[in-house]
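S.K.: Those protein sequences? They're chains A and B, same order as listed.
The opening residue of the first sequence carries number 1 in our numbering; numbering runs sequentially from there.
The opening residue of the second sequence carries number 1 in our numbering; numbering runs sequentially from there.
These are computed hints drawn from the structure, not numbers from a lab.
Please read all numbers here as calculations on a predicted model, not as lab measurements.
Check before you lean on any hint, since a few could be wrong.
Unchecked claim - Below, a list of computed lysine-lysine pairs in the BS3-like style, where the Cα atoms sit at most 30 Å apart:
#1 A:Lys264 <-> B:Lys213
#2 A:Lys264 <-> B:Lys277
#3 A:Lys121 <-> A:Lys152
#4 A:Lys264 <-> B:Lys137
#5 A:Lys136 <-> A:Lys152
#6 B:Lys213 <-> B:Lys137
#7 B:Lys278 <-> A:Lys152
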Amino acid sequence: MSGDVLLDVQNLVVRFPVFGGILLRRVGEVEAVKGISFQLQRGETLGLVGESGCGKTTVGRAIINILRAMSYRVEISGRVLYHHASGVVDLAPLSRTQMRPYRADIQMVFQDPYSSLNPRKTVDQIVGEPLRIHTKMSRGERAERVRWLLEKVGLSARHVNRYPHEFSGGQRQRIGIARALATNPKIVIADEPVSALDVSVQAQVINLMQDLQQEFGLSYIFIAHDLSVVRHISNRIAVMSWGDIVEIGPAEEIYQHPQHQYSKTLLAAAPRPDPAFNRARRRS
Amino acid sequence: MSLPAAQGGPEGSPLLTIRGLRTYFYTESGVAKAVDGVDLDIAQGEVLGLVGESGSGKSVTALSILRLIPDPPGRIVAGEILYKGRDLLQLSWDDIREIRGNEISMVFQEPMTSLNPVFTIGMQVMEVIQAHQRVSKREAHARAVEILTEVGIPDPEQRMKQYPHHFSGGQRQRVMIAIALVLNPSLLIADEPTTALDVTIQAQILDLMLEMKERRAGASILLITHNLAVVAETCDRVAVMYGGKIQEVASIDALFDAPFHPYTHGLLGSIPSVDGKKAHRLTVIPGSVPDIYHLPVGCKFVTRCPYAFEPCPDIEPPLIEDAPGHWVRCHLYPHGGTPAVPPPAK
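Okay, chain A solo, but in the shape it has when bound (with noise of 0.2 Å):
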């Protein structure tokens, strides 16, 4: 098992400071991660499921490594070791520059699919940008490299020129795919890539994403507080509460035998698209 391991995350602990007072001092601060550890396999999805505010989000931001950038004074403690072809690397205590060379590999596809893209870029300057930043290609190489990730995951390369607003929901988080998936990442991290969408479309967005993993064999952390979507697309999952992870196995094991008395509330609070469960399930 431990061959294929591709990100291993040992006792993460993330804080955040609080200021207060009028000279803005550091008042206290508050632990959003505590502690956790997982290893992340090549070529599965692990699913990071939990309610809002139990750490899912942070727990990504701090493996890619932009929560310095997003946070004054965020500490950061734990490692975060990635192992790439020419060796093991703690990403946890990489600055901007130094964390560089790995970036490449380790995309994020957002939740929110209208603030996640320029207004003012067109789709061209947006999927092509990855590629301008970590390749040495040449501007016509890079067009032709946008076209075929545009027809990658199903939008015609005819759309090249147009703005974000000129597209729907799921239109632009197929461009905030290609985006992701630009510059061959070994890892995408997915923070709520459907909760947004209509539920007509989400199901087209979690296909997509399954068919390129296949393609592509990639890995996916994929962040989700829909417990139906996370089962669906992972192998395995790790629910999260109060910063901690109180479960991780894989998928179906922690659907059928939940172990952790969170875990057993979550499923249980799940809304099921079948009355005649629900029926039984109240009278029970």
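Given chain A's structure and the hints, the job is docking chain B onto it.
M.R.: Just chain B now, with coordinates in the frame of chain A:
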């Protein structure tokens, strides 16, 4: 205008009857026909789900019932909404204000924005009572304490002195339900009441709504949501909306066991399950929701329907009752007719 036959509910004559409702928005981009001919019955004592995706017209239908459509740009251009024999669309502003809160009330999606941040919770609950009934402040206060206790706010006397930001999302939604139900209305319209909440809180709020309804004999709920699982959890009947029209109406058992409309089929197939066998791949409705300014002339679902045949693009199918209490708007029906393609199999 001839009225189509009642869609029927569990018992008796409908509490609310909507016929031919059309609510349009006149904007610079053109006319958005958000609601374009809705027929719907809400029976006394039932919980009716109104399901649809964004832009299907479900919220505009709800706002039209209470005449809360912002005008301009919106206008109810046709139809009637009969409530206990009176057409709400013909009432004067004073009369419709009497209906709101007293007879029909509403809970909105955003518990963060639907309470006023600068007034205490107590003032906001008491305001509703005093606006509609001639009661003393002391009596209004007592009623507020009573209703907050009923919706499960602990220590209501103290909590009434606090502001909305002291309350969690779930508690705020409890307060909203208290405000909506304090005058004992006959119909509660809940528009995505749990969408902004976590699943465990969602379950509590849905239970609370049903519990409150049970305690009010004959009261009905119109639950608007995009989430079919929430409908299966709470409703007696369900109406599916798409493109400004009702596409299917049935009891929840009929709808979830044997849906008629290809759209309903697609929706049910696209939800992954929490229990049971894991689907290898989700079935998908191709394409996306059509542009509200350029809806198809015929069936609104024609652009995404795998079963579309000759009449679909040009002729709007009528809403017909193909099985007792099970209505559908689709050219594949009536069953036993001669559709060019077989109806979708379960």
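S.K.: Taken at face value, is the distance from the CA of lysine 152 of chain A to the CA of lysine 121 of chain A at most 30 Å?
M.R.: holds, 21 Å
S.K.: Decide if the proposed pair is consistent with the structure: lysine 278 of chain B and lysine 152 of chain A, CA atoms, cutoff 30 Å inclusive.
M.R.: This hinted pair holds, its Cα atoms lying about 26 Å apart.
S.K.: Are lysine 213 of chain B and lysine 137 of chain B close enough, with their CA atoms no more than 30 Å apart?
M.R.: holds, 27 Å
S.K.: Given the hinted pair lysine 264 of chain A and lysine 277 of chain B, is their Cα-Cα distance within 30 Å?
M.R.: holds, 19 Å
S.K.: Hey, lysine 264 of chain A versus lysine 137 of chain B, does the alpha-carbon distance stay inside 30 Å?
M.R.: Outside the cut-off at roughly 46 Å; violated.
S.K.: Next pair to validate is lysine 136 of chain A with lysine 152 of chain A; report whether the Cα-Cα distance is within 30 Å.
M.R.: holds, 22 Å
S.K.: Take the C-alpha atoms of lysine 264 of chain A and lysine 213 of chain B, compute the straight-line distance between them, and say whether it is at most 30 Å.
M.R.: With Cα atoms ~28 Å apart, lysine 264 of chain A and lysine 213 of chain B stay inside 30 Å; holds.
Violated hint: 4 only; the structure is consistent with all others.
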